[in-house]
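**Student:** Add chain B to chain A, keeping to what the hints say.
Number of protein chains: 2
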Amino acid sequence: MKRSLGARIIIGATPVWIVGTYDSTGKPNVMAAAWVGVCCSEPPCVAVSLRKATYTYGNIQHREAFTVSLPPAQFVKEADYFGIASGRDVDKFSAAHLTPVKSELVDAPYVQEFPLVLECKLLHTIELGLHTQFIGEILDVKAEESVLGEKQKPQVEKIDPFFFHTATLGYYKIGGYLGKAFSIGKD
Amino acid sequence: MKRSLGARIIIGATPVWIVGTYDSTGKPNVMAAAWVGVCCSEPPCVAVSLRKATYTYGNIQHREAFTVSLPPAQFVKEADYFGIASGRDVDKFSAAHLTPVKSELVDAPYVQEFPLVLECKLLHTIELGLHTQFIGEILDVKAEESVLGEKQKPQVEKIDPFFFHTATLGYYKIGGYLGKAFSIGKD
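Respectively, the protein sequence lines represent chains A and B.
Numbering-wise (numbering that gives the first Met the number 0), the first sequence opens with residue 0 and increments by one.
Numbering-wise (numbering that gives the first Met the number 0), the second sequence opens with residue 0 and increments by one.
The set of hints was computed from the structure by calculation and includes no laboratory data.
Misleading hints may appear alongside valid ones.
Identical copies look the same in the list; a pair holds intra-copy or inter-copy alike.
[Said to hold, decoys possible] DSS-like, lysine-lysine: derived pairs with alpha carbons at most 25 Å apart:
1. K152 x K172
2. K157 x K172
3. K185 x K51
4. K185 x K26
5. K157 x K1
6. K101 x K1
7. K185 x K76
Quantities reported herein were computed from a predicted structural model and do not represent experimental measurements.
Bound-form chain A, shown alone:
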């Protein structure tokens, strides 16, 4: 029997992404975002939704670029901090003892210590209400050699991403392998 829980954001769990931007003075900033997802394969695009109150919102508008750095589970505290503090008040990279690297392709920094990075050029800005959706075209993906497996493919066990569960505000690791997509359903 299903019970109505109302018009709210309740899902299973959603990945945590770290969005990197420069402010108007060139100071690198990072924030944690969970209202995120892939939205197109060609051109390859990701969507990041932010409240106007965030420092990153203005940075993306001005620089028309951002990066997505994927934090591995060992950096869950730093990632959570990136979602609590504001770049208006502090230098989050310094506070978290992490290293900003300037992208060679877009006007935004990424986190050196995180193993997977997407460099994105702003394509669309869509006003939805409390959140604004920034759609960025992925110009390149960069990965640490250490997370690459056969055929130079990143291995999820090595990227070790984590997820946010909205209903209980919990962070969770990735778990065990279930099977291969476009394959196990053929039976």
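**Tutor:** Just chain B, lined up with the frame of chain A:
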């Protein structure tokens, strides 16, 4: 040292959602989608990106509604099948021995056997390229009593969602608890 992998969709992992729609004859259909995410808190909205070639694409355009049913890991084969077969050719509910339930709020069906359901009214249609992004306002979330924990909050361990890793086409379960958001980063 980071290596360039090119302009491609490579992320950690993304949740698998089952999108429910009716076709023009009223036949219920479901498809698996991974280019998905929350995109706004107020109004509460989710974004689902689909190729024009999918049967669901036309169904959403005509009915201006869809549901998102969250498949638990025990149904990974059925979910994968929903991403392989087309509703043009088969009745996927029948083939998978699952039960369509008509939403009372929107003109779309959901999967009775899946524990969490979002009922969505189409708000925006955004052409991005190969994919079209459908943004739906969540009018209600319904959950099985069996997945609710304290204060009637859905527990992620009971929803038991799973994820798709793009680079290797693998499905993965949710793993262990890492900590509480907006809390563990305060140190």
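**Student:** Taking the hints in turn, state whether each one holds.
**Tutor:** How the hints compare with the structure:
In this assembly of identical chains, K152 and K172 lie within 25 Å of each other by CA distance both inside one copy and across copies; the values are 20 Å within and 20 Å between. In this homomeric assembly, K157 and K172 come within 25 Å of each other (Cα to Cα) both inside a single copy, at 12 Å, and across copies, at 15 Å. Taking CA atoms no more than 25 Å apart as the test, K185 paired with K51 passes between copies only; the shortest distance there is 23 Å, against 45 Å inside one copy. Proximity of K185 and K26 under a CA criterion of 25 Å is satisfied inter-copy only: 22 Å between copies versus 51 Å inside one chain copy.
For the homomeric pair K157 and K1, the shortest alpha-carbon distance between copies (14 Å) is at most 25 Å, but the shortest distance inside one copy (38 Å) is not. Taking the shortest Cα distances, K101 and K1 sit within 25 Å of each other only across copies (13 Å), while inside one copy they are farther apart (49 Å). Within a single copy, K185 and K76 get their C-alpha atoms only as close as 41 Å, which misses the 25 Å cut-off; across copies the closest is 8 Å, which meets it.
The structure meets every hint from the earlier list without exception.
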